[in-house]
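S.K.: If you're matching positions, the sequence shown starts at 0 in numbering that gives the first Met the number 0 and goes up one per residue.
Hint data in this document are derived by calculation from the structure and do not stem from the laboratory. Glycine included, every Cβ here is placed at the ideal spot set by N, Cα and C. Don't take each hint at face value.
Stated by the list, open to error - 27 angstroms max Cα-Cα, derived DSS-like pairs, lysine-lysine:
hint, residue 1, residue 2
1, K233, K415
2, K387, K296
3, K203, K361
4, K233, K84
5, K79, K165
6, K203, K83
7, K361, K194
8, K233, K361
9, K361, K229
10, K139, K415
11, K11, K139
12, K139, K84
13, K420, K229
14, K229, K11
15, K233, K83
16, K361, K83
17, K200, K420
18, K200, K11
19, K416, K296
20, K139, K387
As the list claims (entries may be wrong) - Label pairs and their computed distance ranges (CB to CB):
hint, residue 1, residue 2, range
21, E47, F76, 37 to 45 angstroms
22, G201, G171, 49 to 57 angstroms
23, L5, G266, 32 to 40 angstroms
24, I91, L239, 34 to 42 angstroms
25, V404, L72, 27 to 35 angstroms
26, F76, K416, 34 to 42 angstroms
27, I188, M102, 46 to 54 angstroms
28, T107, I278, 34 to 42 angstroms
29, N104, I278, 33 to 41 angstroms
30, Y110, A174, 42 to 50 angstroms
31, G201, L284, 26 to 34 angstroms
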Amino acid sequence: MKAFSLKDENGKLYYGWVIAVLAAIITGLVYNGIVSTTGVMMLPVITEMAFEPPAFSLYLTIMSITGIITLLLVQRFFTKQNIKKIMLIAGICGVVSFIGFAMANNITMFYIFSIPQGFCFTAMTMTPCQLLVSNWFGTKAKGRAMSIFLTGMTLVYVGELNILQKVVTTSGWRAGYYLLGAGIVVAIICVFFIKWSPEDKGVKRMGDLTEEELAAMQMKNSLTSGIDFKDAIKRPITWLVFLSATLAVIASSSILQHQIPTMVYGGYTPEKATGIVSIVSTIMLFTGPIIGVIMDKAPLRVAAFGSALCFVLSCAGLSMITTNPALGVPIFCFFYLFGVASINIISPVIMSFLFGEKSMNKLLSWLNMFISIGGAMGAVGVSTMLVKFGSYQIPWLVMAGVLLVCAIIRFFATSKKLQYKPAKLEPQVTESD
């Protein structure tokens, strides 16, 4: 089958693209609804309810810890028979959590309802959706498929963010939380249309090697299906890559909750700050596929290290906004466009680069567990430093340092000496161990 085409071998629309779109809608409404819109909600909630920023941000820590526990408990159940059931239950938990937030009259209610939200965040978003897209696309198309999936997720986020800001401005933050709950209802409907793999539709997987390519590769003894999880987890580089994901998300989760407040502290209105974030997110519709093409065509180190370095510079830009917003905002926006790919686009590809596809189910689950650890630490950390230092300047410089460590790790992790070079490849669908 062709490495990249809209149609399958029968001339019909390849259902993998439907899967990518459904994954984009689900993650756009659920993942972004839970974490990416917190910047819109933070100032209205803490102002009306008189919460301290660290106290409010703590619900994200509870949510992330719940997500980590969820991964440990359910990762082995992400199989063809169970994935829809898990995602549907998670969706219901997400709706309940946002209803609870909307009805909250004290900080404790945010903490209580962040628990079902954590289950929803983990069991309905990146881990199952990345797995589904991975099942439908082989090596030669996976980079572009992942970037299209995540670009679509961004498009959904842009629409949701702007609608949310208008609702919060006109009707208050409680109405905003009801809106986010309604978004998860839409995501639940999408779950009914997912298919586990191409076999369910009776077609070949896009992006797998042709017979000619397979024969040539076999002659060179350069390909196979992948490394067992039990062997991969013993390698120091595995843990360093996990650590790099945690470090990237420590900064990313901080940006998601604090980018709009940072601009407001710098003199922007909430509406203007939201507009800037929306513009940046819209431009990502073009930068996401660019990163995907770079990963497919150039050495992975170019995208992995370059993107992490851009992330460093984006935080440096944020640190300048309080004192020089005219310079800080453009620097942040430009480098964030390419830096944010470090997390959801590049991280899974690094795992495939190092270990092949045999154990991608568990590797992605563990990767997302470490991403959740970063989410538990980032936003509350910046909130605490904000209270301590009285401005966002030092907190964002700290985040830039954190991301510099991430960039160094990924520079060494993507060395060709570490790339997995199997002896044989048999096109297969990722299965749960």
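S.K.: Next pair to validate is K79 with K165; report whether the Cα-Cα distance is within 27 angstroms.
M.R.: Not satisfied, since the Cα-Cα distance of roughly 40 angstroms exceeds 27 angstroms.
S.K.: If you check the beta carbons of V404 and L72, does the distance land in 27 to 35 angstroms?
M.R.: Hint holds: Cβ distance 30 angstroms, inside 27 to 35 angstroms.
S.K.: Given the hint that K200 pairs with K420, does the C-alpha gap stay at or below 27 angstroms?
M.R.: violated (31 angstroms)
S.K.: Could one say that the CB atoms of L5 and G266 fall in the range 32 to 40 angstroms?
M.R.: About 47 angstroms separates the Cβ atoms of L5 and G266, which means 32 to 40 angstroms is violated.
S.K.: Within 33 to 41 angstroms or not, the Cβ separation of N104 and I278?
M.R.: holds (36 angstroms)
S.K.: Range first: 34 to 42 angstroms. Now tell me if the beta carbons of I91 and L239 are that far apart.
M.R.: About 37 angstroms separates the Cβ atoms of I91 and L239, which means 34 to 42 angstroms holds.
S.K.: Check the hint pairing K387 with K296 against an upper bound of 27 angstroms on the C-alpha distance.
M.R.: violated (46 angstroms)
S.K.: Are the Cα atoms of K233 and K83 separated by 27 angstroms or less?
M.R.: Judged against 27 angstroms, a Cα distance of about 32 angstroms means the pair is violated.
S.K.: K361 and K229: Cα distance at most 27 angstroms?
M.R.: Holds, at about 10 angstroms.
S.K.: Check the hint pairing K203 with K361 against an upper bound of 27 angstroms on the C-alpha distance.
M.R.: holds (24 angstroms)
S.K.: Please check whether G201 and L284 have a Cβ separation lying inside 26 to 34 angstroms.
M.R.: This hint holds: roughly 33 angstroms between Cβ atoms.
S.K.: Given the proposed pairing of K233 with K84, does the C-alpha separation stay at or below 27 angstroms?
M.R.: Not satisfied, since the Cα-Cα distance of roughly 32 angstroms exceeds 27 angstroms.
The structure does not agree with the numbered hints 2, 4, 5, 12, 14, 15, 17, 20, 23, 27 and 30 stated previously, though it agrees with the rest.
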